[in-house]
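J.: What follows is each chain in one-letter form.
There are 2 protein chains.
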Amino acid sequence: MRKMLLLATSLCVITPLFAADAPPVPYPQGYRQWVHVKSMTIQPGHALYDAFGGIHHLYANRQAQQGYRSGRFADGSVIVFDLLESRIADNSLQEGARKVLGVMHKDSRKYKGTGGWGFEGFKGDSRTERAVGHNATTACFQCHTAQQGRDYVFSSFRP
Amino acid sequence: MRKMLLLATSLCVITPLFAADAPPVPYPQGYRQWVHVKSMTIQPGHALYDAFGGIHHLYANRQAQQGYRSGRFADGSVIVFDLLESRIADNSLQEGARKVLGVMHKDSRKYKGTGGWGFEGFKGDSRTERAVGHNATTACFQCHTAQQGRDYVFSSFRP
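In order, the protein sequences belong to chains A and B. Here the first sequence stands for residues 131 to 289, where the numbers follow my numbering. Here the second sequence stands for residues 131 to 289, where the numbers follow my numbering.
None of these hints come from the bench; they were simulated from the model. Among the clues, some could well be false.
Each pair may be met inside one copy or between any two copies, as identical chains are not told apart.
Pairs of lysine to aspartate or glutamate residues, derived as DMTMM-like cross-links and limited to a Cα-Cα distance of at most 20 Å, are as follows [unchecked claim]: (1) K168 x E215; (2) K253 x D180; (3) K168 x D220; (4) K168 x E225.
If we strip away everything but chain A, and leave its shape as in the complex, we get (with noise of 0.2 Å):
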């Protein structure tokens, strides 16, 4: 019994840093190759404007893929969400810089604290600059926890 509550002490310990030292989400190589998923974008006035304001792609890797038709994403599934100003030009709106590029890569092990999923977001074009690191769990996970039903995950494929 003393055995198995130091076990659960160790475990409330243990559990806590577990989530906040993931290892790092890997930049997405080659993912402006992978499907097109969807695209959306976000104008002033919406509620998430000052986090994603701008034009914004998903992409999917193949297991992602099979995710979006499944439910289910396995291991190795990468979702990019590619996120660019929007600029507006000639009553038309334009693809500009890109502001963030934002990753969900699911790892059931590595990232158990939050669903099964590493989140990052890397600034700009650079491939080494986090926008998210250790603070998944307040910074995206909170929200997409409203998603469970979903494996976490918003979007859906658009035919």
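For chain A, the structure is supplied; the task is to place chain B on it using the hints.
T.: For chain B alone, coordinates are given in the frame of chain A:
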């Protein structure tokens, strides 16, 4: 000489028929798995709003991806112009119903009269209802001639 004149006359008669009777451009099977080139939203007030109002995404097959890199598109290159309604909702622009699926299909022999490109538009989600048909020269190519130096292609790949 008489033979040559006859031949020349025949060519003059036949050439326009070749252009008008170019083989139909095939529906681009599987294009949603192709690489996403770029996107743009055309809004009311834009000169092309009546024809192209909404959000469009461009997709390229393997040969066309190479064409974007080299500036010359080999036979077999296909570029898709996927035009969707742009719906305003909660200070965001969201993708709506498909309006038309535009296609450029490179075959320098079949589509000699229009820069080596076959042009077509499939209405909405239809794979058979054609919006361009034999009117490729006036409906598409006349505008694209402005891009002769770029193999008649307006778009560039957004990295």
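J.: Are any of the numbered hints broken by this structure? If so, which, sorted upward?
T.: When the structure is compared with the hints, none of them turns out to be violated.
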